[in-house]
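*Asks:* Given the sequences, and given the hints that come with them, work out the whole structure.
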Amino acid sequence: MKTMQTRSHNIKMRGGRVWLGVLIPLALVAIAAGLFLYIADVQRDDDDVQPEPKTLQVGKDYYLMVRTIELYPKRPGGETAWDRVDGSGPDIQFNLTWQGNVVFESQQKGDTLIGAWDALSLDVKAAVLKGKVDLAGSIDAAIISVEEDTEVTIEVWDNDLPGSDSAGAAIMKLEQFKPGDNTFTFDPTEKNAIKRIVVRVIDKALPITELVEEATRP
Amino acid sequence: MMRSPLTLRLVIVAASVLLGLGLVAPCMTIQPSMGEPWDSWLRLLDPSELQPTTYSILGGILELMRTDSLGLGLILLAFSVLFPVFKLATLWWAVDALKQGKPGGVALWITHHAGKFSMLDVMVIAVFIVAIKGLPGDTQVTIGWGLFAFAGAVVLSMLASLLVKRLEAPPNAVEGASAEDAS
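From first to last, the protein sequence lines are chains V and G. The numbering of the first sequence is my numbering, which starts it at 2 and goes up by one. The numbering of the second sequence is my numbering, which starts it at 275 and goes up by one.
These are computed hints drawn from the structure, not numbers from a lab. Certain hints may be false.
What the hints assert, rightly or not - Calculated pairs, SDA-like style, for lysine to any residue (alpha carbon to alpha carbon, straight line, at most 20 Å): (1) G:Lys376 / V:Lys55; (2) V:Lys174 / V:Thr98; (3) V:Lys75 / V:Ala170; (4) G:Lys373 / V:Lys61; (5) G:Lys373 / V:Ile25; (6) V:Lys196 / V:Gln100; (7) V:Lys196 / V:Arg68; (8) G:Lys439 / G:Gln374; (9) V:Lys110 / V:Thr151; (10) V:Lys196 / V:Glu156; (11) V:Lys61 / V:Val23; (12) G:Lys376 / V:Leu21; (13) G:Lys439 / V:Val23; (14) V:Lys55 / V:Glu149; (15) V:Lys55 / V:Glu176; (16) G:Lys376 / V:Gly22; (17) G:Lys373 / V:Lys174; (18) V:Lys205 / G:Ser314; (19) V:Lys192 / V:Pro77; (20) G:Lys373 / V:Gly22; (21) V:Lys196 / V:Ala171; (22) G:Lys373 / V:Val23; (23) G:Lys439 / V:Gly22; (24) V:Lys75 / V:Gly88; (25) V:Lys174 / V:Val202; (26) V:Lys192 / V:Ile115; (27) V:Lys205 / V:Asp182; (28) G:Lys376 / G:Leu280.
What the hints assert, rightly or not - Here are the simulated distance ranges between beta carbons: (29) G:Asp342 / V:Asn102: 56 to 64 Å; (30) G:Trp419 / V:Thr186: 29 to 37 Å; (31) V:Gln58 / G:Gln305: 42 to 50 Å; (32) V:Glu106 / G:Asp342: 31 to 39 Å; (33) G:Leu280 / V:Gln58: 55 to 63 Å; (34) V:Lys61 / G:Arg340: 37 to 45 Å; (35) V:Asp62 / G:Leu346: 42 to 50 Å; (36) G:Asp412 / V:Asn102: 35 to 43 Å; (37) V:Tyr39 / G:Leu348: 24 to 32 Å; (38) G:Trp419 / V:Asp47: 46 to 54 Å; (39) V:Thr186 / G:Leu346: 52 to 60 Å.
Every residue, glycine too, gets a C-beta built ideally from N, C-alpha and C.
*Replies:* The following block contains the structure:
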């Protein structure tokens, strides 16, 4: 009698285990999926953590985009207005010199103390006629290559009809730059009326889509 | 050969792991393209539109359910996620039952009939890929390893179902030919 009861108990126990066994495939599916998602998440975090270089890397090419130039309200010396005839603001234009050569000259921004330039200038006519858009060529910026002890000069002037009036020239060592936006401020002097220059630096090796995103980022 | 419950359990374990991976691993990557010159314009105006998108089976289903295709999402969820998991669970149940000398009963009946729906989601993905390839432009679809893992899980679960059937049948009924050879 006792043996029969034990057997019956064992069968019930096994029945319980049969139901418990059903959970094994469920657990395996969940564990495999969870483990994969965890590993993918860790890898994604590792990718995100990669530090952006704080300075420009020697030997690499970069775009230098002058985004903004702000001038003091008076000409260098601080006594004369920009336009003595009608009191209008300066027509700001600049060029960028690297290794003794002017490698970029901007468009003129009229009657303003703060000139802002777009990073992209698209030739719509050429695009429509050719049916193609040259994105890399549309980036309105100087291309420079970083070497030891290299500097760039940004020369700014007020572009008037009778002749240009210098607003000053800023000499900047490339060691001072970092990828992204770089803001430089200057004090007014006898030869300088530049108050602020914002230069965006973008790695030229970026894929074209990222390049455009970086260039058009506000 | 292949009639021991241990081998069968290993097959179910492998199918479960592959199913888990297949549901969340990258299944396909869609690289949108409208062809030139439109791509150049889009790159300029909205570069995010040209970013490749990678979906897993589970991610794709959730995306479907999120974007006004709740019905289709629920059908795929049922046949791609719930049904295969349920099938593996019943297979394990059937193996346990048969090992203890009990008939497979409901569990076996379910596992035999479940296999018929196992490839539904793979077929949906295949139709989807053909549909995308038929669109104008140069949109590319690349298959990810998640789909192969999922297909592997489906094949292994079919194999497990077959082995359970053989385990249930008397040896001479399944291996009649070899029994005759032996005699």
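*Asks:* Hints first: check each against the structure and report whether it holds.
*Replies:* Status of the hints after comparison with the structure:
1. G:Lys376 / V:Lys55: Violated, because 70 Å separates the two Cα atoms, which is more than 20 Å.
2. V:Lys174 / V:Thr98: holds (12 Å)
3. V:Lys75 / V:Ala170: holds (16 Å)
4. G:Lys373 / V:Lys61: violated (69 Å)
5. G:Lys373 / V:Ile25: holds (16 Å)
6. V:Lys196 / V:Gln100: Given that 20 Å is the threshold and the Cα spacing comes to 24 Å, the pair is violated.
7. V:Lys196 / V:Arg68: holds (14 Å)
8. G:Lys439 / G:Gln374: holds (15 Å)
9. V:Lys110 / V:Thr151: Violated, because 28 Å separates the two Cα atoms, which is more than 20 Å.
10. V:Lys196 / V:Glu156: holds (13 Å)
11. V:Lys61 / V:Val23: Not OK: Lys61 (chain V) and Val23 (chain V) at ~60 Å, beyond 20 Å, violated.
12. G:Lys376 / V:Leu21: holds (16 Å)
13. G:Lys439 / V:Val23: holds (18 Å)
14. V:Lys55 / V:Glu149: holds (16 Å)
15. V:Lys55 / V:Glu176: Measuring from Cα to Cα gives roughly 10 Å; hence the hint holds.
16. G:Lys376 / V:Gly22: holds (15 Å)
17. G:Lys373 / V:Lys174: Cα-Cα ~80 Å, so violated.
18. V:Lys205 / G:Ser314: Given pair Lys205 (chain V), Ser314 (chain G) holds - Cα atoms ~18 Å apart, limit 20 Å.
19. V:Lys192 / V:Pro77: holds (5 Å)
20. G:Lys373 / V:Gly22: At roughly 12 Å apart (the allowed maximum being 20 Å), Gly22 (chain V) and Lys373 (chain G) satisfy the hint.
21. V:Lys196 / V:Ala171: holds (10 Å)
22. G:Lys373 / V:Val23: Holds - the C-alpha atoms of Val23 (chain V) and Lys373 (chain G) are around 14 Å apart, at most 20 Å.
23. G:Lys439 / V:Gly22: holds (19 Å)
24. V:Lys75 / V:Gly88: holds (11 Å)
25. V:Lys174 / V:Val202: holds (13 Å)
26. V:Lys192 / V:Ile115: Given that 20 Å is the threshold and the Cα spacing comes to 19 Å, the pair holds.
27. V:Lys205 / V:Asp182: holds (15 Å)
28. G:Lys376 / G:Leu280: Given that 20 Å is the threshold and the Cα spacing comes to 17 Å, the pair holds.
29. G:Asp342 / V:Asn102: 56 to 64 Å: Holds - the Cβ-Cβ distance for Asp342 (chain G) and Asn102 (chain V), about 58 Å, lies within 56 to 64 Å.
30. G:Trp419 / V:Thr186: 29 to 37 Å: Because 53 Å falls outside the window, the suggested range is violated.
31. V:Gln58 / G:Gln305: 42 to 50 Å: About 30 Å separates the Cβ atoms of Gln58 (chain V) and Gln305 (chain G), which means 42 to 50 Å is violated.
32. V:Glu106 / G:Asp342: 31 to 39 Å: With a Cβ separation near 52 Å, Glu106 (chain V) and Asp342 (chain G) fall outside 31 to 39 Å, so the hint is violated.
33. G:Leu280 / V:Gln58: 55 to 63 Å: With a Cβ separation near 58 Å, Leu280 (chain G) and Gln58 (chain V) satisfy 55 to 63 Å, so the hint holds.
34. V:Lys61 / G:Arg340: 37 to 45 Å: The hint (37 to 45 Å, Cβ to Cβ) holds, given that Lys61 (chain V) and Arg340 (chain G) are roughly 42 Å apart.
35. V:Asp62 / G:Leu346: 42 to 50 Å: holds (49 Å)
36. G:Asp412 / V:Asn102: 35 to 43 Å: holds (41 Å)
37. V:Tyr39 / G:Leu348: 24 to 32 Å: At 27 Å between Cβs, range holds.
38. G:Trp419 / V:Asp47: 46 to 54 Å: Violated, at about 20 Å.
39. V:Thr186 / G:Leu346: 52 to 60 Å: holds (59 Å)
In the structure shown, a violation is registered for the earlier hints numbered 1, 4, 6, 9, 11, 17, 30, 31, 32, 38, in ascending order.
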